[in-house]
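**Q** Please model the entire structure based on the sequences and the hints provided.
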Amino acid sequence: MSARAGTGSHRQGRERLARIWGNRPGWAGQLAAVNHGTVALRFIATGFGFMLAGGLLAMFIRLQLAWPGNRVLDAERYAQFVTMHGTTMMFLFAVPVMEGFAMYLLPKMLGARDLPLPRLGAFGYWCYLFGGLFLYAGLLSGAAPDGGWFMYVPLTDATFSPGRGADFWLVGVTFAEISAVAAAVELIVAVLVTRAPGMDIRRMPLFAWAVLVTAFMIAFGFPPLILGSILLEMQRAFGFVFFDVARGGDPLLWQHLFWLFGHPEVYIIFLPAAGVVSMVLPTFARRPMVGHLWIVLALVATGFLSFGLWVHHMFAVGIPLLALAFFSAASMAVAVPTGIQVFAWIATLWSGRPWLRLPMLHVLGFFFVFVLGGLTGVMLALVPFDWQAHDTHFVVAHLHYVLIGGLMFPLFAGLYYWLPLASGRMPSERLGRAAFWLVFAGFHLTFVPMHLTGLRGMPRRAHDYPAVLGVEWLNLLSTAGGFVLAAGTLAILLDAGLCFAAGRRARANPWRAGTLEWALPHPVPAYNFASVPEVQDRYPLWCDRTLAARSRCTDGLLGRAPDGRRELLGTGILDAAPEQVIRISHSTLLPLLAALAVAAVLACFLAKWYLASLLLLAPLLVLLLRWAWTTGDPQAPATVEAGPGLRLPTQYACRNAPGWWALVVTLLIDGSLFASLVFAYFYLWLGAEAWPPAGAGTAGGMAWLALLPLAACGLAAALAMRALAHGPGAAKWTLLAAAAAGALFLGLHLPAVAAATAAPEAHAYASVVWTLAGFHAVHVGVAIVLGLYAAARLRRGLASAARPLEVRVAAAFWGYVAGQGAVTWGVVHLFPEVA
Amino acid sequence: MAGLTAPWRLLGIAAPMAVWALHFVAAYGLQGLACARGWDRQAASATLLALAVPALVAVAWLGLRAWRTARAEREDRAAGRRRRFAALATALLSLLAAGAMVFTTVPVALLPPCA
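If you read the protein sequences in the order shown, they are chains A and B.
Take 1 as the starting number for the first sequence in the numbering used here and just add one per residue.
Take 836 as the starting number for the second sequence in the numbering used here and just add one per residue.
FYI, nobody ran anything at the bench for these hints, they're computed from the structure.
Note that CB positions come from ideal geometry on N, CA and C, so glycine has one too.
Treat each hint with caution, since some may be false.
Claimed, not checked - Taking CB as the label site, the calculated pair distances span:
#1 A:Ala441 with B:Thr904: 49 to 59 Å
#2 B:Ala885 with A:Ser141: 52 to 62 Å
#3 A:Arg353 with B:Val892: 40 to 50 Å
#4 B:Leu857 with A:Arg460: 34 to 44 Å
#5 A:Leu155 with B:Val941: 29 to 39 Å
#6 B:Leu899 with A:Leu382: 26 to 36 Å
#7 B:Leu857 with A:His726: 36 to 46 Å
Claimed, not checked - The following residues of chain B were derived to be distant from chain A, with all beta-carbon distances above 10 Å:
#8 Gln877
#9 Ala885
#10 Leu891
#11 Trp902
#12 Arg903
#13 Arg916
**A** Okay, structure coming up:
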């Protein structure tokens, strides 16, 4: 730290910032914390906690399979443990822990104080925690899901899984997924608008690129599963028909929806891990990343191609060969961008001066394991080979090579790499190396034999196997290896824990890294940077040696915080020039209370107290409105001073407001959910003999009449901003008119659907039509609430032509709802006539 | 309107891959439709092959435009370097997308549509 940074006024300034940004004291303060550092560390710690639980289940599985005829678990328990192991590792460990890393690191890497939507991050954490607890409550109360982590129907429908286990899975996982989509919104907005001045798209760190692509993948990839879960739960709870062949449903629809999520999911896990590798590698090769541009395009390409792979999980279900060939081709094509990344990494090492420290050791482990997993992946992408190996332990070996190779090793590399930043102390090199070799050797001992047992024909998901297969010794070896792997993993977590308590004090930037997070003093203050730094290079610390010291002074950008508010600097999306000051929320209990309200709604649903569940939506709505009303700084002036000689608008008056981009991403997510539902409609139509089935009527006059108020909603949405230019009164009346038109639309449309369509239990056609109409009706309801909210803000003078954010958001949402309504109307009323 | 166009210029990098995705979905959807509705075998294959043409043209157009931008941008100013970066990424992605589309289309010529 320079002498300048240590002088009294800067110290006082930093103490002031620490007061503004710190969590409140005590337990209540912890529960109310919204700071990204606090929330992210919770994500990471909880993620590792669930990993231990999932690992414990895996140990039972391995014990049972150690020798034929074992009686550690009976068939029922075995199915439960396999289901919970997979579910835990995918939904409660891999995705949240990576989100935790991204939430912790992104602001620090981008030179920001915090994430732009801190309450959403805290809310996501509580949803994740409660969702995970729901799932484990099921396991401990004897209602464990046992249909596999992919929950195939008809095994999981009400006939074949009559207990509550599947309900616990569907509700718990959907609850936990709220956190994934919330994180996607938050991370996209953070990367788009909160980068340090000068960090244009060329200088953006590769981890930020990886997180950006991943967040978009979550936005498109998670909704199909959320929709599938809702449909299956509606079939189980209310007798709707989507997957029941006898009444026009199709069980393959579930598989499509599940794998439409499930395959991108693999890359949602892998891409941030690849981003970690691209951060660790340059530091230890001691040179900038070779082929920066190539890695960016590989990330983008992988983000897309990975959506074209989903049917390769369904090669054995009887889809025509040509369709399989499409997916086989895409499965092999995705190896190209992955290969580009691997070669860029190798080239960086090759041309650098590698320094083999603990994080680097794990990166090398990642290369070795992941490339092997990728190769068996190319084998499985070949349809004939897949038919041979399908549902055997060969697939288990492959997926563990990809997931442990693609996630765990980079994760451990990242853990060791950034541990000095979070703890201010160095990890133990000796214990760490021993643990690495335990994990590495244990991993191969566990999973190399599984390739062989799989090729010999040992089936997956079966609790026993016949001795004639001759695989008992291989399985015993796998089990022994599994325990070595577990010991190594425990040793790594122990090492990380010990580091916080007893590690050697780390000096500043101990790995001599080049990226911005290492400019921070450690342990890191809650406000990150005392002054927002300006960036001139991809590796700012390598080219500017005084940057760290300057960012600890309080005389730069946002160093003074005169109003005592938490402020972020918002910059342009492409050029990262300063353009707004974002005032974000302080600590509050609202996210926790809102998550508790959601938990209460879902718990009542699980208990089949549907009325209570419905009534509990009221307090949830009140909490959400209170949240919206108090978010950020409602009293913020239109412009504030951001630094010496620089006045900027606050976000309420800026085009690129975080709230605006949050809406855009939310609509992408919702659009993906809606598209999945429309896909379900057409998928069921394609397989149906008659559509609509005999007896169903067609659109009557009332349905046509409903188009009028729908058009009025769209018109109001288009006019709201122009009305705002005339004055807040005009905008208010436009929004109120939209609300009235929306209510009228519902009053006309729902009876029209009722007149034309049978009860949803009758046939898949009726079910999907009712679901479409209901889905859109919920959106109209939300739009009405949102419009009334914006009208209230206008009335109170909190929104105006100079601060148009709330009206923009409400108008855009109305526009979206009107468009969605038009599509829904066309599909429900027009398509059956045409078809 | 700079605020409106800027992100689309960022996301425009992904445009060639978006074309790939559209082509992929269209090919898979059309194949499903053709088989479920019992289209003539030759017609189905021909339609699927024809589908690749507009998609390839679109990607070629995106790629060539980006390539020209990349060559025209000067390196001596930050804005120029930024645009060159985006344009080069777009051009290379077009190449990848075109390759992936050819990869998807080759089986159409080799396999019957519904067996």
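**Q** Check each numbered hint from earlier against the structure, then list the numbers of those it violates in ascending order.
**A** 13
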